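Listed in order, the protein sequences are those of chains A and B. Quick note, the first sequence lines up with residues 273 to 703 if you use my numbering. Quick note, the second sequence lines up with residues 16 to 228 if you use my numbering.
No lab work stands behind these hints, which were simulated from the structure alone. All values reported here derive from a predicted model rather than from experimental measurement. Worth double-checking, as some hints may not be accurate.
To be verified - With a cut-off of at most 30 Å between alpha-carbon atoms, the simulated DSSO-like pairs for lysine-lysine come out as follows:
#: 1; chain 1: A; residue 1: LYS279; chain 2: B; residue 2: LYS24
#: 2; chain 1: B; residue 1: LYS27; chain 2: A; residue 2: LYS279
#: 3; chain 1: A; residue 1: LYS697; chain 2: B; residue 2: LYS195
#: 4; chain 1: A; residue 1: LYS608; chain 2: B; residue 2: LYS119
#: 5; chain 1: B; residue 1: LYS210; chain 2: A; residue 2: LYS622
#: 6; chain 1: A; residue 1: LYS284; chain 2: B; residue 2: LYS119
#: 7; chain 1: A; residue 1: LYS697; chain 2: B; residue 2: LYS25
#: 8; chain 1: B; residue 1: LYS210; chain 2: B; residue 2: LYS95
#: 9; chain 1: A; residue 1: LYS284; chain 2: B; residue 2: LYS146
#: 10; chain 1: A; residue 1: LYS608; chain 2: B; residue 2: LYS210
#: 11; chain 1: B; residue 1: LYS210; chain 2: A; residue 2: LYS279
#: 12; chain 1: A; residue 1: LYS621; chain 2: B; residue 2: LYS94
#: 13; chain 1: B; residue 1: LYS95; chain 2: A; residue 2: LYS608
#: 14; chain 1: B; residue 1: LYS119; chain 2: B; residue 2: LYS20
#: 15; chain 1: A; residue 1: LYS621; chain 2: B; residue 2: LYS210
#: 16; chain 1: A; residue 1: LYS621; chain 2: B; residue 2: LYS27
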Amino acid sequence: MFKFALKNMGVKKVQIILIVISIIISASVGVLAFNVSNQVSEGITTNASYYSVIVGPAGSKTQLAMNTMYFTDDPLGTIPYSVVNELERDSRVQENGVIPYAMADSYNGSKIVGTTSAFLNGKTVAQGTLFTDGEICQAVIGSRVAKNNNLKIGDTFKTEHVGMGAHDSNMEIEVVGILEESFSAFDSIIFTQLQTLWAVHEHGEDGDGAPNDDINHGHVTEESGSHENDNHENESHEGEDEHEHSSLEGMVCAILVKTKTPNGAMELVTEYTKTVNYDGHVYSLQAIEPMEQVREVLNDADNTKYIVYVLCGVILIMNIIVISIITLLNMYHSSKEISLMRLIGISMKKINLLYIIQNSIIGLFSTLVAFGVSRICLLFMGDYVASMGAVLNLGRVYPLEIIILVGIFLISVIPTVICTFVMAKRDSLAE
Amino acid sequence: MISIKNLSKKFKNETAIDYKDITFESGKSYVLLGASGCGKSTLLNMIAGILSPEKGEITIDGQNMCALSQKEKDLFRIKKIGYIFQDFKLITDMTVMDNINILKLEGVDTSRADDILASLDILDKKNKKVKNLSGGERQRVAIARAIVKSPEIILADEPTGNLNFTIGEAVIRQLTNIAKGKTLIAVTHDDRLCKYFDHVIDMNDMTGGRYDV
Numbered sequence: 273m274f275k276f277a278l279k280n281m282g283v284k285k286v287q288i289i290l291i292v293i294s295i296i297i298s299a300s301v302g303v304l305a306f307n308v309s310n311q312v313s314e315g316i317t318t319n320a321s322y323y324s325v326i327v328g329p330a331g332s333k334t335q336l337a338m339n340t341m342y343f344t345d346d347p348l349g350t351i352p353y354s355v356v357n358e359l360e361r362d363s364r365v366q367e368n369g370v371i372p373y374a375m376a377d378s379y380n381g382s383k384i385v386g387t388t389s390a391f392l393n394g395k396t397v398a399q400g401t402l403f404t405d406g407e408i409c410q411a412v413i414g415s416r417v418a419k420n421n422n423l424k425i426g427d428t429f430k431t432e433h434v435g436m437g438a439h440d441s442n443m444e445i446e447v448v449g450i451l452e453e454s455f456s457a458f459d460s461i462i463f464t465q466l467q468t469l470w471a472v473h474e475h476g477e478d479g480d481g482a483p484n485d486d487i488n489h490g491h492v493t494e495e496s497g498s499h500e501n502d503n504h505e506n507e508s509h510e511g512e513d514e515h516e517h518s519s520l521e522g523m524v525c526a527i528l529v530k531t532k533t534p535n536g537a538m539e540l541v542t543e544y545t546k547t548v549n550y551d552g553h554v555y556s557l558q559a560i561e562p563m564e565q566v567r568e569v570l571n572d573a574d575n576t577k578y579i580v581y582v583l584c585g586v587i588l589i590m591n592i593i594v595i596s597i598i599t600l601l602n603m604y605h606s607s608k609e610i611s612l613m614r615l616i617g618i619s620m621k622k623i624n625l626l627y628i629i630q631n632s633i634i635g636l637f638s639t640l641v642a643f644g645v646s647r648i649c650l651l652f653m654g655d656y657v658a659s660m661g662a663v664l665n666l667g668r669v670y671p672l673e674i675i676i677l678v679g680i681f682l683i684s685v686i687p688t689v690i691c692t693f694v695m696a697k698r699d700s701l702a703e
Numbered sequence: 016m017i018s019i020k021n022l023s024k025k026f027k028n029e030t031a032i033d034y035k036d037i038t039f040e041s042g043k044s045y046v047l048l049g050a051s052g053c054g055k056s057t058l059l060n061m062i063a064g065i066l067s068p069e070k071g072e073i074t075i076d077g078q079n080m081c082a083l084s085q086k087e088k089d090l091f092r093i094k095k096i097g098y099i100f101q102d103f104k105l106i107t108d109m110t111v112m113d114n115i116n117i118l119k120l121e122g123v124d125t126s127r128a129d130d131i132l133a134s135l136d137i138l139d140k141k142n143k144k145v146k147n148l149s150g151g152e153r154q155r156v157a158i159a160r161a162i163v164k165s166p167e168i169i170l171a172d173e174p175t176g177n178l179n180f181t182i183g184e185a186v187i188r189q190l191t192n193i194a195k196g197k198t199l200i201a202v203t204h205d206d207r208l209c210k211y212f213d214h215v216i217d218m219n220d221m222t223g224g225r226y227d228v
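Model the full assembly from the supplied sequences, consistent with the hints where possible.
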């Protein structure tokens, strides 16, 4: 029966190819849209609740939250490290609950974050150890960075400065740890001590005299942020040849804060929307609650998700219609063949079974290929989605994806079952 | 033995065809002669269980066919009857062997196919698509499919209808040869082929009489 079904399918190549293409398109689009939207949402929410408050330069709240938690976009600018000291002394803040954050430079396209080891709390180091606070030029790298650059423990690399007068730093940073793959933005980032970033910049300046003073002067990168820290931006540092403050008195892009109580967080948000004077300059600060920002982003994403779902639904319905019409036409064209089989003595039951097997083969093959196509698309979308702060896991399969595939498989078989049932009822030999 | 009693068949908007009682003895070959519309093919179809009569009885080896359900008639046809259709009823996009192996769907043993195709001089065509065969070759494929299951009864509806006389005569010679010892009932309008059959039945006058050749 199975062998004959395959042979019979070979006779109707064109119709079958049309059905297969229709099923593959509808199934892969449905599965892909669902998978991507869910993985992106999950990636975004994974770390959102970890910190109570983020303090950073005034400007876009969303940009501050997304850059600090998901490493997307560029930092808004810089604020003095003295704010870190101020927050550490605040009684509403948890002990060791203040984490400085700076983003500058890159290595082969992977962004470099300067922070403390506490920033990586909760992350599993798959190989090596976390970098040591107080030392410099050590890095813990994300799994994707290690894989893409073939970096191992003990390897060293030099950062690429992308600011004005772009050049490679002369300082070598040693890989001391590789994070376990977490399918989050952490997989694509290099983490080092904050002091390393400061030293790299100072070293670069000393080494070749290039004006790469971005991080110390409020520009993390050339394209750095919207430069909304206008007060700071407008104050020119031209003519300053030397920085008098020590490395710990440098600048940071943001400060992540864990408060003892939610109330404390709310108070900090109000209090830290202010200006501070540092080194003769005025810096405008803002404080945000990251969860609130993520909720806003997700609400926007949800609206987009619904539009995607509606479009997918339309594509699915169109394909159901196309699949049904092609199947019905196929069955109609097979009516001569069916009556022939009936005349030579093949029972209607066997004929029905034959066509159901045929369409099951088509449906199964098409849905499996559609699943493969969706994974290939995920692979190609990986880099784009990574830039949004999430890493797509090709192995992540949601139950609803299986339901979509099974549903489309059934859609490809049901018209045949209905047709054969109707034909069995109208069996000319039985009339 | 096939016996027909008081048989009558009526199609929509047509007058009924009433058949005289006829008996076909086992192991003999019969040819039904008659003009178009006299009910030759209808009789074959009723014997095969494809059509049901309005009244009367068709008894095959003691089994009243009219009392069987369609499912039982199908089973009877696939097991005991080899039917050769006028227009061959072959799936033209499939090969000769596929057309024979289609019977495997009902559990028919087709292991004799090669021998039968050889006896019909078309063994070399077994893997060719039917659409690429000539009319005579197609008729031989239809014969091969009908007899591969060693049926007790072979029904042939105008087996030479689409062939010229020379080829048609060769096909009839092969058919009667291969059907020796079985009950063969063939329908034809060409009385030149009657000599190859044991008995000729003239359906025109619906007498049901039997005439030795």
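Structure-based check of each hint:
| no. | hint | result |
| --- | --- | --- |
| 1 | A:LYS279 with B:LYS24 | violated, 39 Å |
| 2 | B:LYS27 with A:LYS279 | violated, 38 Å |
| 3 | A:LYS697 with B:LYS195 | violated, 39 Å |
| 4 | A:LYS608 with B:LYS119 | holds, 19 Å |
| 5 | B:LYS210 with A:LYS622 | violated, 40 Å |
| 6 | A:LYS284 with B:LYS119 | holds, 21 Å |
| 7 | A:LYS697 with B:LYS25 | holds, 22 Å |
| 8 | B:LYS210 with B:LYS95 | holds, 26 Å |
| 9 | A:LYS284 with B:LYS146 | holds, 15 Å |
| 10 | A:LYS608 with B:LYS210 | violated, 35 Å |
| 11 | B:LYS210 with A:LYS279 | violated, 41 Å |
| 12 | A:LYS621 with B:LYS94 | holds, 16 Å |
| 13 | B:LYS95 with A:LYS608 | holds, 24 Å |
| 14 | B:LYS119 with B:LYS20 | violated, 34 Å |
| 15 | A:LYS621 with B:LYS210 | violated, 42 Å |
| 16 | A:LYS621 with B:LYS27 | holds, 28 Å |
Checked against the numbered hints given earlier, the structure breaks hints 1, 2, 3, 5, 10, 11, 14 and 15 and satisfies all the rest.
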